[in-house]
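Those protein sequences? They're chains A and B, same order as listed. Be aware that the first sequence starts at 242, since it is given in my numbering, and climbs by one per residue. Be aware that the second sequence starts at 130, since it is given in my numbering, and climbs by one per residue.
Read the hints as simulated data drawn from the structure, not as lab findings. Some clues are possibly wrong.
[What the hints assert, rightly or not] Taking CB as the label site, the calculated pair distances span:
{"id": "1", "chain 1": "A", "residue 1": "P502", "chain 2": "B", "residue 2": "D428", "range": "35 to 41 Å"}
{"id": "2", "chain 1": "B", "residue 1": "E516", "chain 2": "A", "residue 2": "V356", "range": "31 to 37 Å"}
{"id": "3", "chain 1": "A", "residue 1": "I380", "chain 2": "B", "residue 2": "T217", "range": "45 to 51 Å"}
{"id": "4", "chain 1": "A", "residue 1": "A508", "chain 2": "B", "residue 2": "T217", "range": "25 to 31 Å"}
{"id": "5", "chain 1": "B", "residue 1": "G426", "chain 2": "A", "residue 2": "A301", "range": "29 to 35 Å"}
{"id": "6", "chain 1": "B", "residue 1": "N268", "chain 2": "A", "residue 2": "I338", "range": "42 to 48 Å"}
{"id": "7", "chain 1": "A", "residue 1": "P335", "chain 2": "B", "residue 2": "G348", "range": "52 to 58 Å"}
{"id": "8", "chain 1": "B", "residue 1": "G518", "chain 2": "A", "residue 2": "I385", "range": "33 to 39 Å"}
{"id": "9", "chain 1": "B", "residue 1": "G518", "chain 2": "A", "residue 2": "R332", "range": "57 to 63 Å"}
{"id": "10", "chain 1": "B", "residue 1": "G348", "chain 2": "A", "residue 2": "F511", "range": "26 to 32 Å"}
{"id": "11", "chain 1": "B", "residue 1": "V524", "chain 2": "A", "residue 2": "V366", "range": "42 to 48 Å"}
{"id": "12", "chain 1": "B", "residue 1": "G348", "chain 2": "A", "residue 2": "V318", "range": "48 to 54 Å"}
{"id": "13", "chain 1": "B", "residue 1": "G468", "chain 2": "A", "residue 2": "R371", "range": "49 to 55 Å"}
{"id": "14", "chain 1": "A", "residue 1": "I303", "chain 2": "B", "residue 2": "D428", "range": "28 to 34 Å"}
[Unchecked claim] To list a few chain B residues with every Cβ distance to chain A over 10 Å, as calculated:
{"id": "15", "residue": "G190"}
{"id": "16", "residue": "S243"}
{"id": "17", "residue": "P276"}
{"id": "18", "residue": "E319"}
{"id": "19", "residue": "A330"}
{"id": "20", "residue": "E332"}
{"id": "21", "residue": "K378"}
{"id": "22", "residue": "K423"}
{"id": "23", "residue": "G518"}
[Claimed, not checked] These stretches of chain A come out as covered by chain B in the derived footprint (C-beta under 8 Å, 3 or more residues):
{"id": "24", "region": "255-264"}
{"id": "25", "region": "359-372"}
{"id": "26", "region": "447-459"}
Ideal Cβ positions, reconstructed from N, Cα and C, are used throughout, including at glycine.
So you can see what is in the structure, the chains are spelled out below.
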Amino acid sequence: MGLLEFINFYLIPGIVLGSIYALGAVGITLIFAILRYAHLAHGDLATLGAFIALAIVTSAGISPLAALPFAIVATAVVAVGIDKVFYEHLRERPKIITVIASLGIALMIRAVVQVIWGVDSESYVRGISRPDVYFGLRIRDREIFTVLAMLGLVGALYVFLKQSKWGKAMRAMSDNPNLALLSGIDNRVVIMLTWIIAGGLCAAAGVFLGINTEIKSMMGWHMLLPMFAAAILGGVGRVEGAVLGGLIVGITEELSVLILPGEYKAAMAFVILLFMLLVRPTGILRGKVL
Amino acid sequence: MKTKLLAVTAGLLTATMLASAPAKADVKIGLIGGVSGPIAAMAPAMIDAARLAITHVNDQGGILDGETLVGVVGDSACNPQGGTDAATKAVNIEGVLAIVGPHCSGAVLAATGSVTVPAGVVVVTPSGTSPEISNIADNDTVFRTVPSDDYQGRALARTLRERGYDKVAVAYINNDYGTGLANAFRGEFEAQGGEIAGFAAHEDGKASYRSNLAELASGGADTLVLFDYGDGTGLTILRQALENGFFEKFVGGDGMKSDAPINELGAENLATFVASAPVGEKSASLDTFNALFKEAGGDPDAIFVTTSYDAAFLAALALEKAGGDKAGVAAALREVSNGEGEPIGPGEWSKAKELIAAGTAIDYKGAAGDHNFDANGDVPGTFALFEVGADGFEVITEMK
Numbered sequence: 242m243g244l245l246e247f248i249n250f251y252l253i254p255g256i257v258l259g260s261i262y263a264l265g266a267v268g269i270t271l272i273f274a275i276l277r278y279a280h281l282a283h284g285d286l287a288t289l290g291a292f293i294a295l296a297i298v299t300s301a302g303i304s305p306l307a308a309l310p311f312a313i314v315a316t317a318v319v320a321v322g323i324d325k326v327f328y329e330h331l332r333e334r335p336k337i338i339t340v341i342a343s344l345g346i347a348l349m350i351r352a353v354v355q356v357i358w359g360v361d362s363e364s365y366v367r368g369i370s371r372p373d374v375y376f377g378l379r380i381r382d383r384e385i386f387t388v389l390a391m392l393g394l395v396g397a398l399y400v401f402l403k404q405s406k407w408g409k410a411m412r413a414m415s416d417n418p419n420l421a422l423l424s425g426i427d428n429r430v431v432i433m434l435t436w437i438i439a440g441g442l443c444a445a446a447g448v449f450l451g452i453n454t455e456i457k458s459m460m461g462w463h464m465l466l467p468m469f470a471a472a473i474l475g476g477v478g479r480v481e482g483a484v485l486g487g488l489i490v491g492i493t494e495e496l497s498v499l500i501l502p503g504e505y506k507a508a509m510a511f512v513i514l515l516f517m518l519l520v521r522p523t524g525i526l527r528g529k530v531l
Numbered sequence: 130m131k132t133k134l135l136a137v138t139a140g141l142l143t144a145t146m147l148a149s150a151p152a153k154a155d156v157k158i159g160l161i162g163g164v165s166g167p168i169a170a171m172a173p174a175m176i177d178a179a180r181l182a183i184t185h186v187n188d189q190g191g192i193l194d195g196e197t198l199v200g201v202v203g204d205s206a207c208n209p210q211g212g213t214d215a216a217t218k219a220v221n222i223e224g225v226l227a228i229v230g231p232h233c234s235g236a237v238l239a240a241t242g243s244v245t246v247p248a249g250v251v252v253v254t255p256s257g258t259s260p261e262i263s264n265i266a267d268n269d270t271v272f273r274t275v276p277s278d279d280y281q282g283r284a285l286a287r288t289l290r291e292r293g294y295d296k297v298a299v300a301y302i303n304n305d306y307g308t309g310l311a312n313a314f315r316g317e318f319e320a321q322g323g324e325i326a327g328f329a330a331h332e333d334g335k336a337s338y339r340s341n342l343a344e345l346a347s348g349g350a351d352t353l354v355l356f357d358y359g360d361g362t363g364l365t366i367l368r369q370a371l372e373n374g375f376f377e378k379f380v381g382g383d384g385m386k387s388d389a390p391i392n393e394l395g396a397e398n399l400a401t402f403v404a405s406a407p408v409g410e411k412s413a414s415l416d417t418f419n420a421l422f423k424e425a426g427g428d429p430d431a432i433f434v435t436t437s438y439d440a441a442f443l444a445a446l447a448l449e450k451a452g453g454d455k456a457g458v459a460a461a462l463r464e465v466s467n468g469e470g471e472p473i474g475p476g477e478w479s480k481a482k483e484l485i486a487a488g489t490a491i492d493y494k495g496a497a498g499d500h501n502f503d504a505n506g507d508v509p510g511t512f513a514l515f516e517v518g519a520d521g522f523e524v525i526t527e528m529k
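Bound conformation, chain B alone:
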């Protein structure tokens, strides 16, 4: 028995060693996303978009000395513990040189604070939107390709006021994402003369929210503004609010712009539901990306795919520029996207690689925007309001 076990162990060991012995040293970046948990429906497209960027790098000469760029996927489960675990594994075990992600604000805050900032690994999140992320003491290692919710909350409030919403109740998930967005929204909505007739946080994962909804509805508002995830609690709340007729109109943030409510509740029941989300500003880069992503079998209208692609491509450019030196990635990231230099669009890796080798300054013009990072590593952005049409979400208006 013992010899048998030993033989099996030895066999496994050999197999592992064979499998992990690469021809050339791979360059790894972490792709940490909310694969499970409340944004599970959004995460696959986002990871696919980031992988497309990696494919472009590898198809056009690879990174550094022709090495293969490898994206190591980790699951943050969209919560702080999961984010920390996944980042720890990526940094300490996989030895990644940069991280694209985590997807959720809470995971970003936890993972950066306890893992990546001490380790000096650059993090570029494509979807961590909490205003708190701007304030992390990060030694300039935390960036995002998505605008802060401070902008989104205010833009949504102004747009709703313009469209005649006077009195709303706000329900938000009790985490960094929900709280940040709800507070930004409340401030601007009241400043524009609107009335908040109910404002309450709720905890994730309960089976019934009818009493929460009854409390919110008791303020007399006919509109529920819901800052939550459409694949998680947000779906449960939306369902229970519709079934019981607590509210007539529903407004969601970017987290609610998920296919899950349409798939589970039916588009016919969501006629009065609108959701805001960041969109790429119309540009040549966006058209290029849309064509490339469609060609690769992806849906370019899926949420956060543009920001995910840009985050991964920028991380690769920065690694190339820094010559694979982990400590130089942050400075290089600012250099490759500061608005000065030869413009580089999505998919133009070989061109960028030559220019970097020649020492020419480059400026990445991303699918989601120009990504000229400010002092906090943030980018400004544009948002649009969506409604549910026959083929999924359709843009109603740009939000200013």
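Extracted from the complex, chain A is given alone in its bound form:
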């Protein structure tokens, strides 16, 4: 196998897939860091974002990338709403109750998607698009956009967390919730911000998965495990870790086919998750929470 073939058919798909996982994993890691629970409805929230974008694409006739900001805003609103309606009164209860509740939310979101949009596979653009060739590298526009958008969104989030007042408040909540509350940080705003960011990133993950494959009601659920693996691999609570973790999981899944039979590809995320929990449960970048 030549180097070009390796890059074209194993590495590039791995990076694109990894970028999509990274977008979801950042949200998971943020919720884990600030609210301290695993949010199992994350995948289905991404599905919802993808379908909202589909509704905008079909009704307004614009490209999915142009619909992305609207989908991000709409999904962020839904995420905040879900938190207010369902998770808020569980906040003082043991966290496991919220985790299980989020599984219920996942089923509810999926059911709503299936009722509104049906259960068929859809796509934003009909037909196929063949890749452009740059110096022997076969890359599609949409793949460049996916990686760039991931870097842009996560970069903006990183600057927000490091520089802005509310970003610092979010980090304070993640480091020591009691101390943060004592020093006068309004935790309701912090929690709302967390959901806005997580919901928005979810929508981005869903839309980019939809752009690169198809849009179907189970798409997000199938991504949930790799996204969790990415978050834990990178270190729970570390945004840059989630990106690194997402890319590693994505690339490993694609490369696994070289060594293992193809049907074990889906198990790679499990293997990575298990290996990290056994060897280095804090993750590559030493997560702050686990």
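Guided by the hints, dock chain B onto chain A, whose structure is given.
Showing chain B alone in chain A's frame:
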């Protein structure tokens, strides 16, 4: 607050009781299909066809003592867990006397093994094609109106060899359907002197299959044989293979003969794509069904509609013959379609009902075939190879 809640609950309770109190006891059969999941595009037409059979029963005097036959739809999601859940609900909560479905082989195997065989409920699947279904220890309660993939895989292999396909790579979904079909195909294709240059299973629901495709293409084959679902992973794989030019020609099994690839990829990109599927043998029954289904607003060329209609009609005939006794349905099913007796075609419910009442033997000649079940509850069948034309799938040739 408490009184209010109580009032609401009481109101709801009354409403439920009113809604579920029928004038006469309904006779229920389960219609369990892959409503969501990878065959979602095929399932509605199949369920419509089964419902048409139920409509015919109810319009022509109903079942047993003029009771209404009700089809209770359940979603198997085309996977074993979904199939088991839907069958459990149908058998234990709805109290169905027979089940039409589940649609997918994995769901059939799981639902029969854990629910319907222990409960003694007859299952007639219109589309569970895995060879494994023949081997279920079922006390003779599992039937199908669709031929086993053992036939389809072999017929497809022979047809491809005749049409000059020498070297192919096979990708199949890692479940009971894909594995059964792929193995049947491989055996016959190699026996006919063809070469399998790649043979790999893949898992459902991943976003990228480019590395899988690159591995398969590395064997040097120009044809990809894909045993998957056209509304699920099969669509993703077909898209990525076309976009990246891994293969020139594509061959699908019955699962790929779905409208989803045409709708999403465009017919112009599918010029080299062919798919095999079971077809009804030309018969008076098939013509009758086609006319009836078209009249009811359905597309008679949609996949598995004939088998779905036959499954539901046969289940109704068997229930009538058994006098509504669940334990007698299996034996009655064999009696109403064993090749001996007065022939009954699709839609001829009142005639069948009179003959059964008079004690005359009847023989259902279905839209998809005569359905003379063998010892395993299987039927032989005919298949055709389809290509994508301007108006969807068009038959190229019969497969022998």
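Numbers of unmet hints, in rising order: 11, 19, 20
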